[in-house]
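Spelled out from the first residue to the last, the chains are:
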Amino acid sequence: MRRRQKLIKINMYYYIYDEFIQDKRYEKELIRIENRLADLGITGKISRLALFRDPTEMIADEVSRGVSTVVAVGNDQTVRKIIDVVADQNVIFGLIPLGTPNNLAKLLGLPEGVPACDILSARSIETIDLGSVNGRRFISGLSVPNFSAEITYDGKFKIEPARPGTLEIRNLAGAEISRETLADPRDGLFETTIRVGLKKGWNFFKKQKYGESLLTSRRLAIRSREPISLIADGEEMIDKRFDIRMNPQPLQVITSRRRMF
Amino acid sequence: MSASQNETIIAEGVKMDGDFVSQGHVVIDGDVTGSVQTSQSLRVGETAKIHADISAGSAVIAGEVEGNVRVVDRLDITETAMIHGDVETQVLSVAAGAQLNGRVTMNQSNQSNAEASEAD
Chain A
0 MRRRQKLIKI NMYYYIYDEF IQDKRYEKEL IRIENRLADL GITGKISRLA LFRDPTEMIA
60 DEVSRGVSTV VAVGNDQTVR KIIDVVADQN VIFGLIPLGT PNNLAKLLGL PEGVPACDIL
120 SARSIETIDL GSVNGRRFIS GLSVPNFSAE ITYDGKFKIE PARPGTLEIR NLAGAEISRE
180 TLADPRDGLF ETTIRVGLKK GWNFFKKQKY GESLLTSRRL AIRSREPISL IADGEEMIDK
240 RFDIRMNPQP LQVITSRRRM F
Chain B
0 MSASQNETII AEGVKMDGDF VSQGHVVIDG DVTGSVQTSQ SLRVGETAKI HADISAGSAV
60 IAGEVEGNVR VVDRLDITET AMIHGDVETQ VLSVAAGAQL NGRVTMNQSN QSNAEASEAD
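Line by line, the protein sequences are chains A and B. At the far end of the first sequence sits residue 260, using numbering that gives the first Met the number 0, and the numbering has no gaps. At the far end of the second sequence sits residue 119, using numbering that gives the first Met the number 0, and the numbering has no gaps.
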């Protein structure tokens, strides 16, 4: 009788701990997380981020050894540190939220600490768009708090605020301004909002009104005469030119049913 | 594709320059130079100043337009509107007080003929 061979694909996990979670206050929670991962049978090699340790080589080495899922243990900044490498390696990305800020975890429907291990184990995977600004990837979005530059949409038309305003470019992020809708990270489009204060007229005590422009695009170029500050997933970048585009390779990410998109 | 599948808003306080093409509904309250094209509805608000040729599925114009306006279905020109350019539409409504300086072409007969030939 011919022996039937069944191929079972084993998901190898690789955990990246951020530097800050080595702090004593996270010690107990980390032990609980590691115990839960062992119970669920999804343990894997652990590496710790450090100031002079480049995550690029660490992750690339592990992927070449067969790792299929890279899990960040930390906050939004932890994700920011490794997202470029994870996207380049075309692996599944997981997150165990610890510490603050953890806005991305909220959007993905991931609870903090131990409960996130069960979601990781359930492996509900969504494919989401990734943006890039001047070659650096971002998941949630970008914002320019004091925006008075020119922005070109898909190379076809330009928009410039008449007075300084605020600019938000969203991939997954919700609206920090006034709209309650969440940008869909699966539509291949950025949603941009430009909010500009309107002239009050003669009545100084009149409540300030705002004009809110809403547009979508795949590619954006910001050009400014002076260096401007742009916040990408919580990290500040200062430049006169920002080229923003959809990353050709989307990201596979582990989410829960409580995700916000 | 260069713009929204849903709704695009060019609000008061911004200037747009270039060729804007959309498959969704468009609202313009700001300044626009170039061209505007949408297969859906277009609303030009009272504060809008448009120096562009416009093409839309249907349109309501309440602001200033300097350019030709071509609408497939229905065009409503409100009392605050100022249009300097030719207008081409199937159904036209002009409110008292509106300023319209240009040639008006109604395409209803062409459309009816086309529909009749399709029915045959």
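Derived from the structure by calculation, the hints contain no laboratory data. Ideal Cβ placement from N, Cα and C applies to all residues, glycine included. Don't take each hint at face value.
Said to hold, decoys possible - Pair ranges (Cβ atoms, derived):
| # | chain 1 | residue 1 | chain 2 | residue 2 | range |
| --- | --- | --- | --- | --- | --- |
| 1 | B | Ser38 | A | Arg52 | 52 to 60 Å |
| 2 | A | Pro114 | B | Val71 | 48 to 56 Å |
| 3 | B | Arg73 | A | Asp186 | 38 to 46 Å |
| 4 | B | Gly101 | A | Pro144 | 41 to 49 Å |
For each hint, the structure was consulted:
1. Ser38(B) / Arg52(A): 52 to 60 Å: holds (53 Å)
2. Pro114(A) / Val71(B): 48 to 56 Å: holds (54 Å)
3. Arg73(B) / Asp186(A): 38 to 46 Å: For Asp186(A) against Arg73(B), whose Cβ atoms are near 30 Å apart, the range 38 to 46 Å is violated.
4. Gly101(B) / Pro144(A): 41 to 49 Å: holds (44 Å)
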